[in-house]
Structure formats: structure tokens, C-alpha cells
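Protein chains: 4
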Amino acid sequence: MSESSKDPQTAILLVSCPDQPGIVAAVSAFLFENQGNIVDVDQHVDSEYGVFLMRVEWETSGFAVSRDEISKAIAPLAERFSMDWSLYFSDVVPRVALFVTRDNHCLYDLLSRHESGELRMEVPLIVSNREDLRPAAERFGIPFHHFPITQENKSDQEGLEIELLNEHRVDLVVLARYMQILSPKMTEAFPNRIINIHHSFLPAFPGAKPYHSAHRRGVKLVGATSHYVTEDLDEGPIIFQGVTPVSHSDSVTDFVRKGRALEQSVLSRAVWLHLKRRTLVHGNRTVVFG
Amino acid sequence: MSESSKDPQTAILLVSCPDQPGIVAAVSAFLFENQGNIVDVDQHVDSEYGVFLMRVEWETSGFAVSRDEISKAIAPLAERFSMDWSLYFSDVVPRVALFVTRDNHCLYDLLSRHESGELRMEVPLIVSNREDLRPAAERFGIPFHHFPITQENKSDQEGLEIELLNEHRVDLVVLARYMQILSPKMTEAFPNRIINIHHSFLPAFPGAKPYHSAHRRGVKLVGATSHYVTEDLDEGPIIFQGVTPVSHSDSVTDFVRKGRALEQSVLSRAVWLHLKRRTLVHGNRTVVFG
Amino acid sequence: MSESSKDPQTAILLVSCPDQPGIVAAVSAFLFENQGNIVDVDQHVDSEYGVFLMRVEWETSGFAVSRDEISKAIAPLAERFSMDWSLYFSDVVPRVALFVTRDNHCLYDLLSRHESGELRMEVPLIVSNREDLRPAAERFGIPFHHFPITQENKSDQEGLEIELLNEHRVDLVVLARYMQILSPKMTEAFPNRIINIHHSFLPAFPGAKPYHSAHRRGVKLVGATSHYVTEDLDEGPIIFQGVTPVSHSDSVTDFVRKGRALEQSVLSRAVWLHLKRRTLVHGNRTVVFG
Amino acid sequence: MSESSKDPQTAILLVSCPDQPGIVAAVSAFLFENQGNIVDVDQHVDSEYGVFLMRVEWETSGFAVSRDEISKAIAPLAERFSMDWSLYFSDVVPRVALFVTRDNHCLYDLLSRHESGELRMEVPLIVSNREDLRPAAERFGIPFHHFPITQENKSDQEGLEIELLNEHRVDLVVLARYMQILSPKMTEAFPNRIINIHHSFLPAFPGAKPYHSAHRRGVKLVGATSHYVTEDLDEGPIIFQGVTPVSHSDSVTDFVRKGRALEQSVLSRAVWLHLKRRTLVHGNRTVVFG
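Residue numbers (the numbering used here), protein chains in the order written: chain A, 363 to 652; chain B, 363 to 652; chain C, 363 to 652; chain D, 363 to 652.
Hints were generated in silico from the structure; no laboratory data involved. Note that the structure is a prediction, hence the values are computed from the model and not measured. Please note that the accuracy of each hint is not assured.
Unchecked claim - Covered by chain C, per the in silico footprint, the following chain A stretches (three or more residues, Cβ under 8 Å):
hint, segment
1, 461-467
2, 582-590
3, 626-634
Think of the CB as a built atom: it goes at the ideal place given N, C-alpha and C, for glycine as much as any other residue.
In isolation and in its complexed conformation, chain A is listed as follows:
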């Protein structure tokens, strides 16, 4: 049974616009006047850039504007404040593709949380550059697609992947320890809709083999970072981070082991936040309405 099954159906509006007085007043008045029962409202002003960001969630039941008309009803407000905005409904379940390579822990963790109802998503397919995790996918009855990647075929293969993702109407791609760098073709096809887990506390130890680098440097904590994927590797907007203590007596293998629990929890948290529409990318930062 899904945890959310008893939750009321809601609409979620995400807004970013130039900061100016009156935005909260105008949005809340719009909802109040239409009998919208606000479940949650969060706002943030980035004073450095003069940007106002807001997330507001209200119950659709009892709301005077019918679902199809909401966008039209918001338009005047949006124009008045030059808003970038998007609207979501809690009962529209996002479709998520999981990309994996060899490590199974993030994959199993996401599927476990999916099964328990914590992550409200559909998982129409799993994509991999290797065959290793096909049995894991099959255990859960999820179609597994193998796209071997070489330097030469990468662009072509990603083209095929994008087609497949579109065919399956995928909203979000989760790189659950996918050990391939995406080309711009892919990142441009899914802007702010690809989430990666990097196994270090970014910006420390970007790139390959971060646990080896961390061990060499003699750090006393290892970290994990979930972030949206942009063209610049490991430079995308950070969603969530965690660390766990290590000591001189831990080998690289111990770093890897201790890092696993971290990676899976940091990634699952990021996916949950995205699915709940609690993230808003702004510049190279993520506002998380946690």
C-alpha cells in the first residue's frame, strides 16, 4: 500500500521570477479567492540575483478552477510578475528510467522504495552499458536495455537511448551508479531531468575513482552528492549531500563499503525530492523546499 494513497490530490505550482513586492500576496489571494486550500507554501528570495522562488501546493478537491483551466487562470499572474512557472498534479505519476552499470545497491534501493510506495513513480525500463545487472532487473520484472558504449558509438547509442526514453514518455532519468559520462546530446534532451549520484563530497574528488583519491589524500570523512546533470561533468546543481566517518584503518575497499549506504540514501532522497516537485533549479544551485 502506498504511503501516499490517503493523501489528498493536490496541485503544485513552482515559480521563479524577478523579486518584487506583492508576489506572495497575489498568489495566495488567487488561491483563496478560488477556494484553494493551501497544503504547503514555501518561498525563497535569492537576494544576490534578485530572484524570487516559490512552491505552493493546494488541494484540487474544492478548488473553484477546473484542472484544465488552471494554467489559463494563472496566466495573468504569471505575466504580471514575469514568472517562469510549472504546474504539476500529485496524481500524475512520473515515469522514471534507471541507468546502471555494475553496482547494484542504488538500483535495489530505488526499487525497494518504489515497491514500498515511498517513491511514487513508474519505472518502465532500466538502461545499462553492461549486462551485469540484467538479472537484477529481471527479478523486478522491469525491461532491461543494454547499450554498449564505446568512444566511437557513444553519440549514436545515446541517440537511440533518447528515442527509447521518449517512446516510453520518460520524465526523469536517474543515473544509479551509471559509469559513463553523458554527452551534451543527452543532457540537452533532459534539462534538469537527469539526476546523478557521485561518490564524493563534491566539489572534492570529481571525476573517476573518487574513493581512491580520497584514500590517497587521507580524509577523515567520505561523502556522496546527488545533483542534476549538466554539460559540465560533476558541476551540476547539487540536490543533497551526505558524509560518513572513515579512519586511517579503512582501506579503499572499506571506503567503498561505507560509501554505499551513503550513496543510496543520498540518491533516493534526491529522487524523492524531485518526484515531490520540491526542487527548483536556479542558476547552478538547487533550491530544495525540504
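On the provided structure of chain A, position chains B, C and D as indicated by the hints.
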């Protein structure tokens, strides 16, 4: 130089009332119509109890209602929604009494943050049931008042303390490792205005010698809890908590040592939150607009 | 490929005895004289109880005493120092039974780490008081045994469970969110060989529904505790603990969600430590040679 | 009263040498044969570099070798195993110079722990490149030496500082938020005897203004790192690290504030570990026998 010296002067309104639609709309409209530039707004609905809680902060400069008239201007709103509310101004510096016994670390930490401007408060006096920390108080040029407490004289001594606190117009009492249980006389005189630091992760290990109990139990983390003081010892609303790892090789003395850094940071955080009017007590819980 | 596959085969000796000078010297001399290459040695003196505890691990390859003779060779040392001791070999893979009820996250986490080779164990069976997780067990091809438990049949059912566990030569029982209190019959059958995960920071919130209690108390951190199971519920020796921050805006459902990542990582860590023979129970505390 | 006043007097031997069998046996036999009561023994093998590192602490009372003869008695062992070693006595109190600039929190924290007896050290002087913290030093009755530093005079000034430190027989220099880069002249004069606190999770955000960089990058945790100072800025062996959560709603000023508690606790922990001779530098890593 105080960190806050360049901050704009603001008014802060804290509200709690029965939950109903339209509160955010009404409050934000009131501020907007009076040219109030909102700096920060946070709200929380306790759906279990049907209570709405809000903190809104706006710049006084440019606000159409003069400072003395704000309360009167809010009154109709407050009545309409049956609000409990309080109004603060960021330039009114709270007056804080520090109560100590023998341990110096929380005292020095608060005074260090006071000196650096992080904690915007005045400290007109330090109170103790012992003489041990008089030299520490004198180092910082703060009057030190010694009230020896016995079972017999406790009520009388606390009566004198309350008089002294009132004389100094004290807004907040901070028990910075004050090793005496307060009687109801004191807690009633300063409701939600006494902050204590308890050296455990409450509700684990209430009462005396928590590090000894924690060591006996063989825990792998020790904690610290800052909370408002109510009549029931160690049962008051929690403001902030922290933990730090310990191991079998740590003695009770090591627990005490590792706990110190925790205690001072957990207490200072709570005092900062209170001074910034970011806490709202509701039932036995503290809403922290962090 | 198992992480451990390239590790050398080792013998592990766990010792506890009354503290007295010369134990380290005697044990290390014994190993040195027999060409034992020490991989790891750890010791702890509980000065309160005057108890000496030691873990020493050495390579079996090159060791002058043949595997079958080691116990006999240790006997004189053991007698001289009145040692309680046990001897393990890294290539003897422990057999572990997983007990579950309804929540899947700890189960999947253990199986994922088993599959990746992190947890070197065999899992001959999964036991449950409900049918819910049978499909999960079947996914991994592990026999699932359903023992419905009522007040009336508990003792009988546990008797059958013990028979089954013995039949499968089970070394360790892991309660992976098994929502039944074990009777003394079971705990006596597997002393210091049953590991439980409790979803709170013990000794805070023992018993049922700890997240509900934590929410009611208004804590700012939720915790998880892995411990050996003794007759006294939630009172057994603690192996590992963790916490994660929560706020007033988190519902009980959010506590449950945030607690999941914690529970699985805290339990998996405890199981790893046990399988590596890095734990030594002494009184009601666990010495963890981490 | 110092926490350590009732502790027994001990000798501490720190050893590093090429790894080979028999070292633990030889050292423990040496101590046992001379009636040395071992209080603590810790060892680590860096298998990558084939280096054995050990810390052993034993009571001087009852030890058959007189204090002055211990070094001579150890010599044959040291030669046999090609040991680098050093010997300390717990009753020889290290002399520590504190270097500061403007921020007071690390200074007060160290002095508070000094006063409480947690940090067993003498503080004969405080050095600064500015006058700001003279009043703080005077509060504690510690001589304050002001050495203004410019690009031109740095080498000369550091020369004078070294003279002064030698005059005061300083064993350890602690950079308690000292905002000047040391020249090789200074780092060579005190190899592995200068501890710095850097206000980031190294190797992330080395150099100046790490909180600004962290804010710009949008991290979700800020960190602090204590390390030995080597010629390469922010590249020295790490002793201890910590992090604390931040969010999009935290300004740089909030990062600074939240970082303070971290910096002081991470620095004080490192100083405590050094004073207890629990650190051993090996290559660019610190083995911490915590």
C-alpha cells in the same frame, strides 16, 4: 563589527491560530498594501491539532504604518483569525541572563559569540549557585551574582533571583550548564523564556549524570539537547539536538570531553534561534523556522 | 566478484579474560614463534570491570600450526590467563537467517550487499510471521517460511523455528524489521547471535511505534539502533547507532521515510561487523573492533 | 580540577618502521619483562607502503627501567626493526603558541578547554598579525605579541617569530584562524608541529574565502578540516574533519555562523589528539589512534 550591522531593520510577527483558509493571503495583503517589503515568510500547519503557525519578517523602512501603530493595525486581522501573536523589532536587543555552575565551556562560547556580534543580545548579569566561574565573568566585565542554593532556601533564593532579573529587565534566561533544578516559581515567571542545555539526546538519559548512564548502557553516540524549560524537568519543548560518535574505548571522561563541543554548539544555536525570533512553542513542541 | 576474494585466508581469535600484564606479549609471541603474520590486532581494557578483550587476526598461510591444531595450541595460553575465547576462519562462510514482517527495505539492503559480496554469508532461508514479503524472497530465490504468530501459539511456533534454524545450521539470525518480540526460548537458543534493528536511538523510545513517540515528543533527530537481542526487549548490547535530522515540518510518515535509510545502513553495518568477527559482547556492552 | 590529575603517569612510545613480523611481540615482551603495565596499545599497518605504525602507552610507576634509561633500553629494539620512534611522558606538559588574526571563537574555545583541564598544555604566548584580539588575550592574562605582516617583511617577521617561539620553548603552534600563509621558513622550523584549522571540507574549497566559494557552488553541507601545516598550503596531513548541514536559505553569513561551532570543535579535537600523542604523520596522511 557586528555581522548584523548592515542588515536592514525589520519587524517580525509570530502568529499561531486555528487553521483556516485565507490567513497567508490576508497577512501578505496587509503587508503589501502598506508597502511592507517581506524579507522572510515561513508557515507551518500542524494538521494533527489544526493549528496554523507563521513567522513573517519585513523591513520597517518604507513601511506605511509607523512603528507605534503596527499593533493597532494588526488587531483586526488578529481578531478575524483568533490569532495569538507577538511582534518584535530587530533593533530592540534582548537582555539575557546566563546561569552557570561550574563548567565553563557553554559560558565562554556564548560570550565569544556575543563579542563577535553573532548573538545580538545584552548580558547584564551572570547568576550562579557557586563561586567557581566568578573569575570567568570578571574577565568579561559582567556582574556575577552568587546565590547558594540548598533544599531549604531554594524558594527564597529563586524569589530574589526573579527580583534581580526583573530589575535588569531580562527577557531570556539561559541555563548554560546550571546544575540546579528550577522550581515552578521560576519557570512560571519566564514561560518559554528559559533555555536549558541537557547533556544527552533527550528523551534518553534525563536527569542527573547522563554521560554516566550513557556509558553504562554502551551507546555508540552521545547527544545534547537544548530546550525550553517547563515545570517538568527535561520534558520541555526541544529546540535543537546534536550527537557525536563514541566507542567502547571512550571512558566517561571521554564522553564528557566529546560532549562539550556538542553542548556548546547546540545551546548557542538555540539561543541564536530564539534571539532571531525563529522559534514558536506550540503544545510541547517547538516550531523552528530555521 | 566478491570484494573479499583476493583477501588472504585468515584466522581470527577473540579473547576476553581478567586483565593482567603480559597477555599481549604472550599472544603475540605465540603467533610470532609460529610464523603467524598478524593482519590486525586490537585490544581493549575495561578498567571498570578489570576485563581484557582482544581480537587478533593472522594469515593461515605460512602459519606453523595446522588449522586443526590451533585450538589445542592455544589451550595453554588460554588456561594461563583464564581466557574465554573463540576461533574463526575467514573462509568459513556464516549461515544467516533473515526474519522479516512487512517492511522490505532492510531485507533488500542485506540481499543487495550479499549479492555484491560485501556481506560474506549464506542465506539459506527467510522467516516471517506474515506473507507480505514472500514475493521479495522469491525474487532472490531464497526459501521463505511463514510462521504466523499469535499469543497462544508463539512458544510452539518458535520451537519449530528453532528446529528449522538448526536443521539449516544457522549461525546468525538477523531481525530485519521483524515485528514480533522473541520469547526467551529463542534468545537462549542463539545467545549473542541474534541481531535486531530498532527504529529509534535507544534507550529513547523503546517498544512499539517509536516514530510516533518521537514525533509526539518533538525531537529534532530520529535514530536507529542495531543490537544483540537478549531477554529484555530493546535492552541488549548495542552494536551501532545512527541519527538523521528531522524538523517540525516532518510528519510521522516523513519520520518513517527518513528513518528507512538509517535503519538499513545501521543494520547492515552491524551484520558486517558480526560476520567479520569484529564484535565482542561483554556484560551488556558490545566492544566493536571497527 | 584537571580531568587528568588522577590519571597515572605514563610513558608513550610512537613508532614507525618497515612492516615485518614480530614487532608487536618484541615491544610487548620488552614492556612485560620490565614490569610495564600497558595502558593502551594501538597499531596500524599501511599495506600500500609496507609501513608499520604503533602507539603504546604504559605506566611509569612500577616500570623497571628508570625514566632516564628508557631511551637507551629501547635502542636495540629500534635498531633491530629500523624504527623511527619518539618517547613522551604524560607529565611533561607541552608548551603551545596560539596564532590568531581577528576571529575569536577558536581562541576562546582553546582557552576554555585549557582552563577546564581538558587540554593539558601551557600557553606562554599568543601571536597575531593584527591587534584585534589583544583584549581577549589580556582577559586570560596571556602575553600578546603583534607582528604585522606585509609581503615585504614576512620573512623577517617570521624569523623574529621563530626566535620568540624558541625562546619560549614552544612545542606546538596552533593556527586558530590565523589568516596568513606561513612561509617555508616557519613550516620547516616546526615540522608536524603546526596545526591549522581550514574552514572547509578539504580538499574542497582550499585557499581564501571558502564559505563564499561553497555558497556559490550551492553545497548542502559545509565543513572544517584540521591538519598539520606543510609547505603546500591546505595540502598537509589531515587530522580531523567535520561537516554541518546548510540549505539554500542560508546566506554566506549563515555559512560563517554555522561553520564556527564546527571549526572550533574540529580544531580542539586535533589539538587534544596531538597533545595526547595520538597522532602519527606518515607520508601525507595522519594516523590517528583515537
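Counting residues of the segment 461-467 of chain A whose CB is closer than 8 Å to a CB in chain C, do you get three or more? Result for this restraint: holds, n = 3.
With a cut-off of 8 Å between beta carbons, are at least three residues of the segment 582-590 of chain A near chain C? That given contact is violated, which follows from only 0 residues of the segment 582-590 of chain A lying within Cβ reach (below 8 Å) of chain C.
Chain C covers the segment 626-634 of chain A, three or more CB atoms within 8 Å, holds or violated: Holds, because 5 residues of the segment 626-634 of chain A bring their Cβ atoms closer than 8 Å to Cβ atoms of chain C.
Against the hints set out earlier in the document, a violation occurs for number 2 only.
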